[in-house]
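S.K.: Chains as they are written, first to last, in numbering that gives the first Met the number 0: chain A, 0 to 453; chain B, 0 to 131.
Careful: at least some of the hints might be erroneous.
Ranges between beta-carbon positions, derived for each pair [claimed, not checked]:
#1 A:Pro294 <-> B:Lys98: 24 to 30 Å
#2 B:Thr99 <-> A:Arg392: 31 to 37 Å
#3 A:Ala354 <-> B:Pro12: 37 to 43 Å
#4 A:Pro332 <-> B:Arg10: 48 to 54 Å
#5 B:Glu110 <-> A:Asn353: 52 to 58 Å
#6 A:Lys227 <-> B:Lys98: 19 to 25 Å
#7 A:Met0 <-> B:Val9: 46 to 52 Å
#8 A:Gln419 <-> B:Pro12: 31 to 37 Å
#9 B:Pro12 <-> A:Gly13: 43 to 49 Å
#10 A:Asp347 <-> B:Val9: 47 to 53 Å
Think of the hints as simulated: they come from the structure by calculation, not from any bench. Heads up, the beta-carbon is just placed ideally off N, CA and C, and yes, glycines get one too.
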Amino acid sequence: MKRTIIANCGGFWGDDPTAPRRQVEGGPIDYLVMDYLAEVTMAILQKQRARKPEAGYPADFLAHLRDVLPSCVQRGIKIITNAGGVNPLGCRAAVEALARELGVADRVKVAIVAGDDLFPRLDELLASGEPLINMDTGQALSEVRPRVLSANAYLGAAGIVRALEHGANVIVTGRVADAAVTLAPMMFEFGWSASDWDRVAAGIVAGHIIECGTQCTGGNFTDWSLVKSFKRMGFPIVEAEEDGSLVVTKHPNTGGLVSVHTVAEQIVYEIGPPAYKTPDVVARFDSVHLEQEGPDRVRVTGARGEPAPEKLKVSLSYHAGWRAFGRLAVAGPEALAKANKVAEAFWDAAGGRNAYDEAMHQFVGWNACHPPLATCEPGEVLVQFAVRDQDERKINSRFAPHIVPRVLGTVPGITYIADQGRTRASEVVAFWPALVSRGAVTQRLVLGDDEIAV
Amino acid sequence: MTRLPSDPTVRVPLVRLCLARSGDKGDTANIGVIARSDAIYAWMLEHVTPAFVKRHFEDVCRGEVERFELPNLLAVNFLLHRSLGGGGTLSLLLDAQGKTYAQYLLAAEVEVPESLLHAKDRVARQQEQPRV
Chain A
0 MKRTIIANCG GFWGDDPTAP RRQVEGGPID YLVMDYLAEV TMAILQKQRA RKPEAGYPAD
60 FLAHLRDVLP SCVQRGIKII TNAGGVNPLG CRAAVEALAR ELGVADRVKV AIVAGDDLFP
120 RLDELLASGE PLINMDTGQA LSEVRPRVLS ANAYLGAAGI VRALEHGANV IVTGRVADAA
180 VTLAPMMFEF GWSASDWDRV AAGIVAGHII ECGTQCTGGN FTDWSLVKSF KRMGFPIVEA
240 EEDGSLVVTK HPNTGGLVSV HTVAEQIVYE IGPPAYKTPD VVARFDSVHL EQEGPDRVRV
300 TGARGEPAPE KLKVSLSYHA GWRAFGRLAV AGPEALAKAN KVAEAFWDAA GGRNAYDEAM
360 HQFVGWNACH PPLATCEPGE VLVQFAVRDQ DERKINSRFA PHIVPRVLGT VPGITYIADQ
420 GRTRASEVVA FWPALVSRGA VTQRLVLGDD EIAV
Chain B
0 MTRLPSDPTV RVPLVRLCLA RSGDKGDTAN IGVIARSDAI YAWMLEHVTP AFVKRHFEDV
60 CRGEVERFEL PNLLAVNFLL HRSLGGGGTL SLLLDAQGKT YAQYLLAAEV EVPESLLHAK
120 DRVARQQEQP RV
């Protein structure tokens, strides 16, 4: 049976920088897929582009590409990434310049998959009857319209499949569904039809399992003590087959563990109902069967799919005020009682918690991540103060200056964090999930100077 | 499951029976919980309910708790609405993404028939990593 091997090399922008090279050099692969776009990343990139027109994509991608491009070209490995950000044309120019520098320009064919960026068309969309209501809160976009910083539709695999059909070997997209970069090569290699829902669902299941990198290969795993080593963690690899079955594995001699449980935990990670909606299909995560086929090899079969949803998801971001954090460590006998006294004195100096839109403190080491589990009092706690407010100056003048003075003026056994620097307000860019009609968005493939609607 | 009167019960943390992983979607936390055997899955459906989770997270969860079943994975998925202090970048919580919530749930103590801990049925055996 025909087979293709797809390797993921990171779960977010900022993941292990050695992963791309290790995935390419650690064994045979056909595709390298790379993810750079978290939910609010687009807002950062829009701002970078506003300052500098050729920016607007994650520059780290070029460093990763430098590590792997010559080997990928030589071995016929294709690279698919959403590193286009809000400026895929700018990203392509940089990729082509890098290819020239590395002497492989004649063997690199870059394709761009765009059309996701709705920011320039926002008012037109609102006027045409796309209300872009917040899916979580039900609020109308008009409440934050002047503060919107980015708007991108999550597009599907079609544009990437077309790019592969045109012979591209570096495919740079804007916002696409995270799993689409894994689904697309499977559709291309096996000639799956876009309405072969079960097979398309299998591609989404594969993509969902590997899109968070090492979280399916032994990272963040309940039975962590079964993982022999977390050193040089193996990033995930999918060996996909024509019938939609696949094996999740990792390269030999790497850290981590691939077991039915490490994969099952990742399937239920950040999902809602088991009918998992994507632009390409509704994948039934309650249909998948997992089986340990060998050491660090889990076979995934039985995926079922249902027709793709009517609407596409849009991720918008908007300016939502300012926030700041400050921290003090309190140690020694009665640390918790002393920390409470410190908090009382701090809020009094900072004008009271009610002076801010939101204000709180937590005791790290006691109750910060979740309610207390410890059965005896901690020997030390880190007090974390936090505020959010629309007024940046208020945070910088009333909250920030009152943290460190508590070290001299309250309880014994208290110290500040040396490398924290001076507390300052930082901008809050918040996420606004919405839906848009499919008809309102057209994915575009750009090859050289040609533009093709998908 | 049927329990014999002679089957003694034990108090154990939930981690002895289940695995779990948690994350976020906006202000909603999700906790996927996986039973370690078929027998535990049946027990879990009856006892690890939305009300159980809501009670355990009462200081944190300000909305409702929903549960979905994935029997193929011996799993259930909980959605804890309004549980992340506004969620994402709006949240002032240290763990704004609820990444540690699964560990907190697995620390919950439950009283179960002792035999449930030893149930090594087909699925449990199959899920073990084969020896190299």
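S.K.: Next, verify each hint and record whether it holds.
M.R.: Hints and how they fare:
Between A:Pro294 and B:Lys98 the beta carbons are some 28 Å apart, a value that agrees with the proposed interval 24 to 30 Å. Under the hint 31 to 37 Å, the C-beta atoms of B:Thr99 and A:Arg392, about 34 Å apart, fit the expected range. Distance hint check for A:Ala354 and B:Pro12: the Cβ-Cβ separation is about 41 Å, which falls inside the suggested range of 37 to 43 Å. Between A:Pro332 and B:Arg10 the Cβ separation comes to about 32 Å, which falls outside the hinted range of 48 to 54 Å.
Between B:Glu110 and A:Asn353 the CB atoms are about 43 Å apart, so this pair departs from the stated range of 52 to 58 Å. For A:Lys227 and B:Lys98, the Cβ-Cβ distance of about 23 Å falls inside the hinted range of 19 to 25 Å, so the restraint holds. Between A:Met0 and B:Val9, the C-beta spacing of about 48 Å keeps the proposed range 46 to 52 Å intact. Taking the beta carbon of each, A:Gln419 and B:Pro12 are about 35 Å apart, inside 31 to 37 Å as hinted.
For B:Pro12 paired with A:Gly13, a C-beta distance near 33 Å fails the hint of 43 to 49 Å. A hinted range of 47 to 53 Å holds for the C-beta pair A:Asp347 and B:Val9, which are about 49 Å apart.
The structure does not agree with the numbered hints 4, 5 and 9 stated previously, though it agrees with the rest.
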